Amino acid sequence: MTRRLRPTLVHTIDFEDVMFVLRRLNGVDPSLTHAVRINSEVSKVQRRIEDISKDGTYVSVYIQAAMLLRHLTHYCLTNKSDIRIAWLLVAVLLEVNGFSVSHASSDQIYEIVRTISTADPSAHQIADVLRTIAESLK
Amino acid sequence: MRVNAMTSRYAQATRKAMTLRLTAGEYEALRDRARAERLSMQHVVRRALRAHLDFISHQDKVAEATDKILASHAEALDRLGNDAT
Numbered sequence: 000m001t002r003r004l005r006p007t008l009v010h011t012i013d014f015e016d017v018m019f020v021l022r023r024l025n026g027v028d029p030s031l032t033h034a035v036r037i038n039s040e041v042s043k044v045q046r047r048i049e050d051i052s053k054d055g056t057y058v059s060v061y062i063q064a065a066m067l068l069r070h071l072t073h074y075c076l077t078n079k080s081d082i083r084i085a086w087l088l089v090a091v092l093l094e095v096n097g098f099s100v101s102h103a104s105s106d107q108i109y110e111i112v113r114t115i116s117t118a119d120p121s122a123h124q125i126a127d128v129l130r131t132i133a134e135s136l137k
Numbered sequence: 000m001r002v003n004a005m006t007s008r009y010a011q012a013t014r015k016a017m018t019l020r021l022t023a024g025e026y027e028a029l030r031d032r033a034r035a036e037r038l039s040m041q042h043v044v045r046r047a048l049r050a051h052l053d054f055i056s057h058q059d060k061v062a063e064a065t066d067k068i069l070a071s072h073a074e075a076l077d078r079l080g081n082d083a084t
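Going down the list, the protein sequences come from chains C and X.
If you're matching positions, the first sequence starts at 0 in numbering that gives the first Met the number 0 and goes up one per residue.
If you're matching positions, the second sequence starts at 0 in numbering that gives the first Met the number 0 and goes up one per residue.
Because the hints were derived from the structure by calculation, they are not lab data.
Note that the structure is predicted; figures quoted are calculated from it, not measured.
In this text, a Cβ means the ideal position worked out from N, Cα and C, and glycines have one as well.
One thing to keep in mind: the hints can contain errors.
[Stated by the list, open to error] Chain X is faced by these chain C residues, among others (derived, beta-carbon under 7 Å):
1) D16
2) L87
3) A90
4) V91
5) S101
6) I108
[Claimed, not checked] Cut-off 20 Å, straight-line C-alpha distance, at most; resulting in silico cross-link-like pairs (EDC-like, lysine to aspartate or glutamate):
7) K79(C) to D82(X)
8) K60(X) to E15(C)
9) K67(X) to E134(C)
10) K43(C) to D13(C)
11) K67(X) to E15(C)
12) K67(X) to D106(C)
13) K79(C) to D119(C)
14) K43(C) to D54(C)
15) K60(X) to D13(C)
16) K79(C) to D77(X)
17) K67(X) to D77(X)
18) K43(C) to D81(C)
19) K43(C) to E15(C)
20) K43(C) to D119(C)
Please construct the entire structure, taking both the sequences and the accompanying hints into account.
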């Protein structure tokens, strides 16, 4: 019998979600190509997390969110894409799974994304920041 | 085991019956799917209903979270957007 004692992500981000979030962010229907590319990057991270988890390694919710934020931020920078989608998708992912980050200040959020794009901290370092924000409400 | 049996009896007792009216095409599609999977038509309908409700519930959560983040982090998102231009 397996017991799940640690919190995990129940909801993941899929193509419909990416389309929806892009539409809300820009106020217009996103280009299909752009949405497919963003979703493809999200899927890459989700597959990597599944691979890591296969041998029983526990990947915390914050590490998963940090991996996604780091990957999307670098993807957006490399491809001159709108970097706002990186934070928005990660924040939505955390929110729908019950880990609220909406109370963080705009300065905090801006600093996190700028630091990732300039100093390239590890996923663990980013996860610590996300955990501190989410758990500061409890 | 005893708890499971009691839970199952409770679930049976609390189930609600309803009439479902389908078009001929929908009925045939449902019957074919149920036959293919060797399940009852009722099972297939209930499974589809649960999947649909989960899907809608997920969409609602994403919509609510997106609006919440867009409102609370509007300034950060603006600054990030301006940096790129």
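Comparing the hints with the structure gives:
1. D16: With a closest approach of 5 Å, the D16(C) hint holds.
2. L87: holds, 6 Å
3. A90: holds, 4 Å
4. V91: holds, 4 Å
5. S101: OK, holds: S101(C) within 7 Å of chain X, min 4 Å.
6. I108: holds, 4 Å
7. K79(C) to D82(X): At roughly 11 Å apart (the allowed maximum being 20 Å), D82(X) and K79(C) satisfy the hint.
8. K60(X) to E15(C): holds, 13 Å
9. K67(X) to E134(C): Roughly 18 Å between the alpha carbons, so the hint for K67(X) and E134(C) holds.
10. K43(C) to D13(C): holds, 12 Å
11. K67(X) to E15(C): Holds, at roughly 18 Å.
12. K67(X) to D106(C): holds, 17 Å
13. K79(C) to D119(C): holds, 17 Å
14. K43(C) to D54(C): holds, 18 Å
15. K60(X) to D13(C): holds, 13 Å
16. K79(C) to D77(X): This hinted pair holds, its Cα atoms lying about 16 Å apart.
17. K67(X) to D77(X): holds, 15 Å
18. K43(C) to D81(C): holds, 19 Å
19. K43(C) to E15(C): holds, 16 Å
20. K43(C) to D119(C): Holds, because 19 Å separates the two Cα atoms, which is no more than 20 Å.
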